[in-house]
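Colleague: Each chain, letter by letter, is given below.
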Amino acid sequence: MRKYGVADTTFSRVDMGSVAINTIKKEDPEAEIARYTVPGIKDLPVAAKRLIEEGCDGVITLGWVGKTMLDKYSYLATSIGLITVQILTSKHVIDVTVHEDESEDLEKLKEIAIDRATKHARNLVKLVRDGKNSLTPLAGKGLRQGYKDAGPID
Amino acid sequence: MRKYGVADTTFSRVDMGSVAINTIKKEDPEAEIARYTVPGIKDLPVAAKRLIEEGCDGVITLGWVGKTMLDKYSYLATSIGLITVQILTSKHVIDVTVHEDESEDLEKLKEIAIDRATKHARNLVKLVRDGKNSLTPLAGKGLRQGYKDAGPID
Amino acid sequence: MRKYGVADTTFSRVDMGSVAINTIKKEDPEAEIARYTVPGIKDLPVAAKRLIEEGCDGVITLGWVGKTMLDKYSYLATSIGLITVQILTSKHVIDVTVHEDESEDLEKLKEIAIDRATKHARNLVKLVRDGKNSLTPLAGKGLRQGYKDAGPID
Amino acid sequence: MRKYGVADTTFSRVDMGSVAINTIKKEDPEAEIARYTVPGIKDLPVAAKRLIEEGCDGVITLGWVGKTMLDKYSYLATSIGLITVQILTSKHVIDVTVHEDESEDLEKLKEIAIDRATKHARNLVKLVRDGKNSLTPLAGKGLRQGYKDAGPID
Amino acid sequence: MRKYGVADTTFSRVDMGSVAINTIKKEDPEAEIARYTVPGIKDLPVAAKRLIEEGCDGVITLGWVGKTMLDKYSYLATSIGLITVQILTSKHVIDVTVHEDESEDLEKLKEIAIDRATKHARNLVKLVRDGKNSLTPLAGKGLRQGYKDAGPID
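Residue numbers (the numbering used here), protein chains in the order written: chain A, 1 to 154; chain B, 1 to 154; chain C, 1 to 154; chain D, 1 to 154; chain E, 1 to 154.
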């Protein structure tokens, strides 16, 4: 049976972990789900690694990033780490990140977070359950998570 | 028989995956081609790794990058990841990236994407099929993908 | 029995190592604690690696970063290194960093350092002793270390 | 018998690969030389890795970098990759890079490229053939490649 | 018997390698010392790796960095590489770096270089010979290399 990992943080101002779990349950009701909560984004790579080690076929991480240049450097280091985990395990770790400077409006920020977590949870299920061509009909379609789709050119 | 991998994204606004596949088919008609579609550029390194693990001799990745500094950090993390995949597998992963800020004109952007994907698909076939000296006659010639060649100095 | 590692620096202007040790002792009185002091932040990843190799179940690192762009690049390299240690060992290395430009007021800077070291030492104990769901009740709650909590949106 | 690897690109506007080969032949006439030409700098790390795998004792890579911030990010990713190849193989990969913004004058740029490739090809021969103390008489002497030496202070 | 590695460059304008060697000899007279001279900072990680492979218990690297943004990117790539060497070998590689823009005054720059190399050579001896608690009495004391100590807050 498939098993999904959900890694989230206490730093985040929106409970994206629950959003992801609910979406996965709806999309793949028979699957098992494991959750791992860490303080901040730099702790997500090891959480993803450990979730994979306990049998997850794929992981979604839910990060929240502050506004300063240092937050952005932490984002960069985390991104490199999450990619490294994927390379070493050959499993997908889909990275949902919300940046506090994406909107001044907190309600809008929450909407972005929920939309992004929902859509990427669906992406994870598709990739894990249906494989490498499950998203191919949408290739080049300009899809966006957190915002409305840009669409294909022409 | 040779096998090529093509990894593309749903974020892209141009279907560069199909462009690459058609080019590879024309250049090396007997080869097998596997496609892997992921949400965005940060998912490309693991897609390339998995394509290599299922037997691809080389991979072309087709990424589309937004305009913000964060998009550029994602580009940097992805580039490091794609290079790491190549180092660990000793296979070529040729990285086609189109940046949304390369042109304000969407038609121009599409032309850049198609030209770059086509030329780099040819490069991949040459390297995989004909080996390390296949491009040597063109060394130092100032070739460009997506733009017209700069040419050699003098 | 659990064993925690504490890695700190002579560069730091606050003895955060002692703060972390005292917090761990209070939170998990029976645990063993090993300390490793290095010159600066770029020496922390190997200290964390060695602490894990001598049996620590998790490590807290306590770094202090100067104000220049070069200090920030060192911070970035260190962050990547600390994440790599975690990925390779599958152990948590919780990274406490204080940046000299977080406050012009030295007393305030010291308060930030003590608060951050204390709260993250508690996080480490929770993760090491109580596992991946120990922080889940606080997921998405907008917790902060060094500052007051931002809180959840809504 | 010693074997040197030379990795260059079709992106470059100067045929630095031939410059490096001619220099190596002059400095170490009995050695074997293998050349590997790739499209751009991000393909150099895997070329260096493959040259080492086919028996090269050391490699020189010859990269050409454009003027935009994205080119510089590609330079950074490539540099990290080339260093990783060296760490994993314990072989020298000497990295010659020319940046298009080093001079507005194309003739000057070509001179820089030739001088840098020549001097670093000599450095490679010294390190591979004569070992870790071959350059020690020049330690701290402020040598430069592509420009005239800065010289030691005092 | 202990063995120390000293890796330096021909790019540097001060012979910091000799400074480090003399300091190590004074601090640990019976120890063996191996020196490795490379062209520039990006060659230091593999030099450190090779010194460790020939039996060094710890290494000090002595880098000199120019003033441009590209020099700083090379510094970043080198720093990541030196940290990676430490993580893979579990040995200390203490990184002394002098940036040309630390002072306009060449004499001052030389003083910085000598002071930094001397103090960090002592740090290396302490860590290698006396272990993880040898610097603990100085933890949080605001020590600086190349400048006068900042001291602890309060």
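It should be emphasised that the hints constitute simulated quantities derived from the structure, not laboratory data. One or more hints might be untrue.
Each pair may be met inside one copy or between any two copies, as identical chains are not told apart.
[To be verified] List time: in silico DSS-like cross-link candidates among lysine-lysine, alpha-carbon distance up to 27 Å:
no.	residue 1	residue 2
1	Lys141	Lys67
2	Lys72	Lys148
3	Lys3	Lys148
4	Lys148	Lys108
5	Lys25	Lys72
6	Lys72	Lys132
7	Lys110	Lys148
Colleague: Look at each hint and say if it fits the structure.
Modeller: Hints versus structure:
1. Lys141 - Lys67: between (30 Å within a copy, 18 Å between copies)
2. Lys72 - Lys148: both (24 Å within a copy, 21 Å between copies)
3. Lys3 - Lys148: neither (29 Å within a copy, 36 Å between copies)
4. Lys148 - Lys108: both (13 Å within a copy, 23 Å between copies)
5. Lys25 - Lys72: The answer is neither: 32 Å in one copy and 34 Å across copies each exceed 27 Å.
6. Lys72 - Lys132: The answer is between: 26 Å across copies meets 27 Å, while 31 Å in one copy does not.
7. Lys110 - Lys148: both (15 Å within a copy, 20 Å between copies)
Hints 3 and 5, counting from the list given before, are not met by this structure.
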